[in-house]
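From first to last, the protein sequence lines are chains A, B and C.
Going by my numbering, the first residue of the first sequence is number 3, and it counts up by one from there.
Going by my numbering, the first residue of the second sequence is number 14, and it counts up by one from there.
Going by my numbering, the first residue of the third sequence is number 33, and it counts up by one from there.
No wet-lab data here; the hints were simulated from the structure.
You may find that some hints are simply not true.
[Stated by the list, open to error] 30 Å max Cα-Cα, derived DSS-like pairs, lysine-lysine:
(1) K236/C x K270/B
(2) K288/C x K29/B
(3) K153/A x K247/C
(4) K260/C x K67/A
(5) K236/C x K32/A
(6) K257/C x K4/A
(7) K236/A x K139/A
(8) K18/A x K260/C
(9) K270/B x K63/A
(10) K247/C x K275/B
(11) K247/C x K286/B
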Amino acid sequence: MKRLHQIVSELLASGKAKLVIGYEKGTGEKRRPAFISDANEVERLVFDSQCSHNLSVYLTKPEYKHVTEIAVFATPQTMRAVVRLAGENQFQDKKLSFIVMDQDQNALLIEGAEVLANHLGKEKIALSSAQEELLAKFEAMSREERFAYWKEQLSNCVKCYACRAACPMCYCTRCTVEVNQPQWISVPSSLQGNFEYHIMRAMHMAGRCVDCGSCEAACPLGLPLNIITRRMIKDIEASLGPDIVSMDTKSVLNTFQPNDKENFIR
Amino acid sequence: MCNSNIYMPYPMRVEKVTNEAPGVKTFRLNFINAEDAQQFTFKAGQFGEYSVFGTGESTFCIASSPTREGYIECTFRQSGKVTSALTNCEEGDTIGFRGPYGNIFPLDEWKGKNLLFIAGGIALPPMRCVIWNALDRRSDFKDVTIIYGARSVNDLVYKHELEEWKNRDDVKLVVTVDPGGETPDWKGEVGFVPSVVEKTAPVAANTIAIVCGPPVMIKYTFPVLEKLGFTDDTIYTTLENRMKCGFGKCGRCNVGKVYVCKDGPVFTYKQLKELPDEY
Amino acid sequence: MQTENYTITDSNLQQLLQALLSSGQKVVAPVRANNKVLFKEIKSASEVCSDHVQTTLSAKHLAFPRTEVLLQYKKTGKEVTINDFPFDAVPQTFLWGSRPCDAGGFAPLDGIFNWDSKDAIYNKRREQLTIISFSCTRHDDACFCTSMGGGPGNTAGSDMLITPAGNGTNIAEIITDKGKALFENYTSLFEEAMGADKEQYLTKIDKVFDTAEIKAKVEAFFESKVWKEQSARCMGCGACAYVCPACACFDIQDDKHGSKGSRLRCWDSCGFQLFTLHTSGHNPRETQARRWRQRVMHKFSYMPDRINVVGCSGCGRCSRACPADMNLAEHLEVIMKMEAEKI
Numbered sequence: 003m004k005r006l007h008q009i010v011s012e013l014l015a016s017g018k019a020k021l022v023i024g025y026e027k028g029t030g031e032k033r034r035p036a037f038i039s040d041a042n043e044v045e046r047l048v049f050d051s052q053c054s055h056n057l058s059v060y061l062t063k064p065e066y067k068h069v070t071e072i073a074v075f076a077t078p079q080t081m082r083a084v085v086r087l088a089g090e091n092q093f094q095d096k097k098l099s100f101i102v103m104d105q106d107q108n109a110l111l112i113e114g115a116e117v118l119a120n121h122l123g124k125e126k127i128a129l130s131s132a133q134e135e136l137l138a139k140f141e142a143m144s145r146e147e148r149f150a151y152w153k154e155q156l157s158n159c160v161k162c163y164a165c166r167a168a169c170p171m172c173y174c175t176r177c178t179v180e181v182n183q184p185q186w187i188s189v190p191s192s193l194q195g196n197f198e199y200h201i202m203r204a205m206h207m208a209g210r211c212v213d214c215g216s217c218e219a220a221c222p223l224g225l226p227l228n229i230i231t232r233r234m235i236k237d238i239e240a241s242l243g244p245d246i247v248s249m250d251t252k253s254v255l256n257t258f259q260p261n262d263k264e265n266f267i268r
Numbered sequence: 014m015c016n017s018n019i020y021m022p023y024p025m026r027v028e029k030v031t032n033e034a035p036g037v038k039t040f041r042l043n044f045i046n047a048e049d050a051q052q053f054t055f056k057a058g059q060f061g062e063y064s065v066f067g068t069g070e071s072t073f074c075i076a077s078s079p080t081r082e083g084y085i086e087c088t089f090r091q092s093g094k095v096t097s098a099l100t101n102c103e104e105g106d107t108i109g110f111r112g113p114y115g116n117i118f119p120l121d122e123w124k125g126k127n128l129l130f131i132a133g134g135i136a137l138p139p140m141r142c143v144i145w146n147a148l149d150r151r152s153d154f155k156d157v158t159i160i161y162g163a164r165s166v167n168d169l170v171y172k173h174e175l176e177e178w179k180n181r182d183d184v185k186l187v188v189t190v191d192p193g194g195e196t197p198d199w200k201g202e203v204g205f206v207p208s209v210v211e212k213t214a215p216v217a218a219n220t221i222a223i224v225c226g227p228p229v230m231i232k233y234t235f236p237v238l239e240k241l242g243f244t245d246d247t248i249y250t251t252l253e254n255r256m257k258c259g260f261g262k263c264g265r266c267n268v269g270k271v272y273v274c275k276d277g278p279v280f281t282y283k284q285l286k287e288l289p290d291e292y
Numbered sequence: 033m034q035t036e037n038y039t040i041t042d043s044n045l046q047q048l049l050q051a052l053l054s055s056g057q058k059v060v061a062p063v064r065a066n067n068k069v070l071f072k073e074i075k076s077a078s079e080v081c082s083d084h085v086q087t088t089l090s091a092k093h094l095a096f097p098r099t100e101v102l103l104q105y106k107k108t109g110k111e112v113t114i115n116d117f118p119f120d121a122v123p124q125t126f127l128w129g130s131r132p133c134d135a136g137g138f139a140p141l142d143g144i145f146n147w148d149s150k151d152a153i154y155n156k157r158r159e160q161l162t163i164i165s166f167s168c169t170r171h172d173d174a175c176f177c178t179s180m181g182g183g184p185g186n187t188a189g190s191d192m193l194i195t196p197a198g199n200g201t202n203i204a205e206i207i208t209d210k211g212k213a214l215f216e217n218y219t220s221l222f223e224e225a226m227g228a229d230k231e232q233y234l235t236k237i238d239k240v241f242d243t244a245e246i247k248a249k250v251e252a253f254f255e256s257k258v259w260k261e262q263s264a265r266c267m268g269c270g271a272c273a274y275v276c277p278a279c280a281c282f283d284i285q286d287d288k289h290g291s292k293g294s295r296l297r298c299w300d301s302c303g304f305q306l307f308t309l310h311t312s313g314h315n316p317r318e319t320q321a322r323r324w325r326q327r328v329m330h331k332f333s334y335m336p337d338r339i340n341v342v343g344c345s346g347c348g349r350c351s352r353a354c355p356a357d358m359n360l361a362e363h364l365e366v367i368m369k370m371e372a373e374k375i
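Based on the sequences and whatever the hints tell you, model everything.
Rendered as C-alpha cells:
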C-alpha cells in the first residue's frame, strides 16, 4: 500500500494527475470508488482483490469529461475497457495514467492509454469455464423455456438504468432510450419496453463489451444480464473470430467497409 | 373535485390555428363539453398541460386573457415531441387540456400604477395574457408601456396585435430586433432588449415591471431595471421549469423548497433573489 | 382507534394467511427470486419468505405502481373519447410481511399525493390496501429506522403488527380500523394478550441522529462542497429512487396503439440527468452534485417544511442498492458532524 500511496502522491505533486480515481474502504467489507485531488488524502486509497468497480466508467461522465489529467486504478477489466474506449477515440483530449497491480500485488504506474494497451497485450475476451457452464445450462433450454425465463426475469426490471450507468462502454451523451423523436424505446417499465431496452443495449454492446460484469453487478434486482453479453461474445467469436481487445480492433456492428459482402447498408 | 381523477384533461377543439413565426403557432381552443366551458375559470399568469393523445403532455401558459371568455389560446414553438405533434394538428382536431395551475399576476394590487411589460422572443405569450387583461380593464392603470424584442423581424409573434397596440393612444409600444435581424424597411428599434429598456423605459416611480424572456435576457434586464430605480418587489417574471404534473407531485420544477407549479410560476425579483440558483 | 393487543400462534398466523388466500383475496408478500426478495402476489402461504432483513424493492408499488394507466383514449376521426381511470376495478389488497419501515414509507407518499390537489388514483389504491407488518428481529448495516423516528417495532402505517415472541407465539397489535376489520373476520385465531413487552423481542438499532437536526444541518450546508464530494462516485442511475419506499417522483407518458392508447404514470428519478432538462438545453440541476443535493434536501428539508413529513423511513434500501456504494446514513452522519467553517 505504501508504494501505491507514493505513486499517487507523486502523480498529484507533479501535476501529472489533477484527479485520482481509485478505491477506498466502503460500507462493511465493500470497496468503493474514491476521488482524490489532494495529496493529503492519499492514505484513504486502497487497492486489493476486493476492488471490483470498473472505474473507467467515470472518465466519460460529464462531471469528469473536462478534467484532462486523470490517474485511474485499473483492474484487468478496467484495462480492457480503457483500451476499447481509447480505440473509440474517447480520450483524445486526456492525459491518463493508470495504476495497476502486477502479479505480485505491487502497484505499477502506466502512463498513457497506448502504453496500457501494450501492457495488456492482445488480450482475447474469453469466458471462464464456470461462465461457459452457466451458458451451456441456459442453452440447453428450449426456445419456449428461454422465452419464459426472460419474460420472468425482465418483468422485474424497473428501468433504473443502473446497468447502463455502470457500463464503461455506455458513454453516449444521448442514449437511444432518451431519444423521443421517434420514441424508439418506451419510457415506462413494461415487459415489452424492458425487452426493447435490453435488446437495444445488447446490440450496442456487440463486439464492444469487455465482459467486466459491471452491468450485472450494478443491477439492484440481480438480473442475469451477463448471460446476454457473454452469449454475444461467443456468437461473435463463432462468426468473426476471436474477440481481441486492442486499440485498432473495429467493433462488429459499427464498422462499415465498402467491400462488405452484405449489401443491406448501401 | 376531491374524488375525481386530476389527470383527466378537458377535451378541446382546435378552433383556429394562426402561424405566428417560423415554427410558432397559436391555437384557439374551445371546450367540447359545454359544462366544462361554463365552470372553467383562470387568471392571468396561470398555465396548463396541453396534450396530443398518443404523444403526451406539454406545459405552457394560457396566452389569452381571462376577460375573453369561452375559449383559451396557447402559443408554442415546435421544439420537443409534444409541440411537434401539436404543430401537426389541424383546425377541428381534438386535443387535451388540464389546468389552470399555478399562481397569478396580482393585477388587482397593481391598480393605479403604470405597467411596463418587457418580453423577449417566444416569451410574449405569457405576457400577452396579462397585457390584454390589463387593456380590457384599461382604466384601472395609468401608463402602459410594452417593450418587445425578438431575434429578427420574422421571429416577432402576434404581428397583428403588435399593430393594434401600436395604433392605440393609451399604449406605448417599443419593438426591437437583435442587430442583424432587421429588414430594409424595419422601422422599430435595433438592439438587445436590456439596452432598449435602458433607453426607452418609463420612470420607475409608481411603475410595475413585468419581464418574460429567455434566461439570458432576464439576467441582463433585471440589473438595468434596478439601475433605473425599480425596486426588486416591483419587478415580476414567470419561471418555466420543466414540469409533468402541474400540481406539486412529480418532483421536477422545484427550486429549493419552492415549487414553480404551485408557488409560481409568477415571482417577483425579490423572491427570486431568495431562491437557490436552480432555475 | 386505540391499539389493541392480542396473541396469535405461528400456526394460527399461517391459517390467517391461508384463510385470506382461500377467500380469494389478493395477498402480496415477500417472495424469494434471483437471490433477491421481492413483494409479489402469492397464491400459497408457502411462498412467503421470512428469513430476510429487507426486500430489494419497497411495497410502494401497491399504491404507486411503477407504471400505471391514468386514463385511456380512443380516436375516431377528429373526435377523442377519454375513459377515466377505473376506480372500481382496484382490488382490495393485503400486504403481508412488510417491515415497519415499509409501512412507515407510506406517510411521505400520502403527503405528496395529498397536499393541495388530492390524487384520487393513489388514494383509491391506498384505501384498498391493508398492511400486516412484521416487527424486525434482525437488521443489517444499512438499517437506520430509529434515526428517522421509526423503529423495529414501530406501529405507524401498519394496520396490524405482528411481533414474533418465540416459542411459536406472536404479539398481534391491531392498530387501525382496517386491522380491526381483518381481526374481526378471524377472531377465533387470536388469543388474549400475554402482557409481554414486545421490546424484548426486537432487534436493537442505535439512533445516531435526529431528523430535526438533519434538517437544520442540510439547510445550513446547502452551498457546501460536501454534495460534490459525496456524489463524486454517483453514476447517475435511478436505483436509489426506485427501491425507495418514499420516492414519488414520476413521469407522464402516452402509450399509443393505433387509434387508441393510454396515458401512463411511471416512476422517475431526480438522479437522472434528463429529469430537469429543458427543451432549450438549459438544465437547472446540471451536475450530479446538484441532483444528489436535491435528493437529500427534498427528503430531509423540503418535505418536512412543506408537508410536515420526512421523506425517508430509514429502511436503507438505497444504500444496499447503490452500485457505487453511496450510503445515505453514512453521508448524513458526515453532514451532521460538519462544522460551519468546513463549507
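Okay, the hints, checked on the actual structure:
no.	hint	in the structure
1	K236/C x K270/B	violated (35 Å)
2	K288/C x K29/B	holds (26 Å)
3	K153/A x K247/C	violated (43 Å)
4	K260/C x K67/A	holds (15 Å)
5	K236/C x K32/A	holds (23 Å)
6	K257/C x K4/A	holds (29 Å)
7	K236/A x K139/A	holds (15 Å)
8	K18/A x K260/C	holds (23 Å)
9	K270/B x K63/A	holds (28 Å)
10	K247/C x K275/B	holds (22 Å)
11	K247/C x K286/B	holds (22 Å)
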